[in-house]
Amino acid sequence: MIFRDLRVNKLDYSVLALLAGGFVTFSLLNTNHPYQLFVSTIIFAILYVLWGVWHHAQSHHLTWRIVLEYLLVAVLGVVIVSTLLI
Amino acid sequence: MFARIFHTFKHQFTPHHTNNFRARSLHNSGIFYIIGILLSFNLLVRTLDSTAYHILGFTSSVTIDEVVKNTNTERISAGLSTLKYSETLADAARRKADNMFTEDYWAHSSPAGISPWHWFTEAGYSYLHAGENLAKDFGSTDRMMKAWMNSPTHRDNIINSQYSETGIAVVPGILQGQETVLVVQLFGTPSVSTPAVPVVEPNTRGISTTPIIAQIDDSPVAVEPIPTPEPAMIDGSTNSSLLQFDEFSLKQGVSIVTTILLLLTLILDLTLAESHKLSRRVGKNWAHIIFINVILILVTIVQAGRIL
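If you read the sequences in order, they're chains A and B.
Using our numbering, you'd call the opening residue of the first sequence number 1 and step up by one each time.
Using our numbering, you'd call the opening residue of the second sequence number 1 and step up by one each time.
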């Protein structure tokens, strides 16, 4: 039952999974390059926020609170990674 | 007391009427607090590390004999002969490491333009082939060897059939403002006769691509590896202190725990919201789960050390 949202929004989540897969692959190939990892994390975080806006805009559920939520989760991800890379 | 703890748990981690049917820690304010806590923790760790008391000292268990052992294990796996430990090469490696600390650089060549091969000559090692691998900030030999073996250029040095000897220096110190343990591994093939004049400069990764013809010199002394007496640790305190943590491991541990807790909260919130058929206008938990999972993977694979 918790997978219902994934089934309903197959295309959207496929796009996100593709982005995530690409980022993980890039990271695995650059484990010894902290600067590249940090920059790619920021790019992935921005793409994540854009994905959130795109996904919610499609269903006309987009609000500033939702945008802020994606922004905060993205910032949290960057903060977690940056503590180890910087 | 227990009722209060249970209520707080429910409020923070499960959708409930008291938190507008969304786990409080997943509210924007909750995520904001988590960011603040993480930043404060990071600041605290850095402050503790930079105080005169040095509560958080960098520790490393990298030892010379382990590096030699692991290098030879890799060579045997590749069907090559083992490397002999050369005290002359080890002396060159120590000179290089000392120069890196003195001149404060993290590179194969010094800011003054001194190449790695200068240290071979200065130590009295005349070579036909030479190579250099560098590493810093690694807590263990295994992690460091893994990082070298994952890098094609460093791997080429380790399993290069042209080398017959190796020399290693494991030196603690402060490099570019940070406490570290620097590892310099030099590879070489001693010239039986004559002058060591580099024909071609080695590439920036420290791997000599071309043989180097050298002048007559004392042949390098091959000796058994000298074990490092104690794991390297740099700060003013003793090895036995219970307050000794590896700063990177501490940060990594906190990062992993934070992401796992967040993932569990998202899954619990999603499961309960679905089972109660709650309709909420919030961000998608599944999207957050995917994003945080990716961050977790990154946090797990990030290396403490650097190689060059």
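It is worth saying that the hints were derived from the structure and are not from the lab.
Quick reminder that beta carbons are idealized off the backbone N, C-alpha and C, glycines included.
Among the hints, a few may not be true.
[Stated by the list, open to error] To be clear about the criterion: a stretch of chain A counts as covered by chain B if any three or more of its residues have a C-beta under 8 Å from a C-beta of chain B, and this derived list gives those stretches:
id : segment
1  : 1-7
2  : 19-32
3  : 48-54
4  : 60-72
5  : 75-83
[Claimed, not checked] Derived Cβ-Cβ restraints for the label pairs, each shown as a range:
id : chain 1 : residue 1 : chain 2 : residue 2 : range
6  : A       : 4         : B       : 1         : 20 to 28 Å
7  : A       : 42        : B       : 8         : 51 to 59 Å
8  : B       : 124       : A       : 35        : 20 to 28 Å
9  : B       : 33        : A       : 42        : 18 to 26 Å
Unmet hints by their number, sorted upward, for this structure: 6, 7, 8
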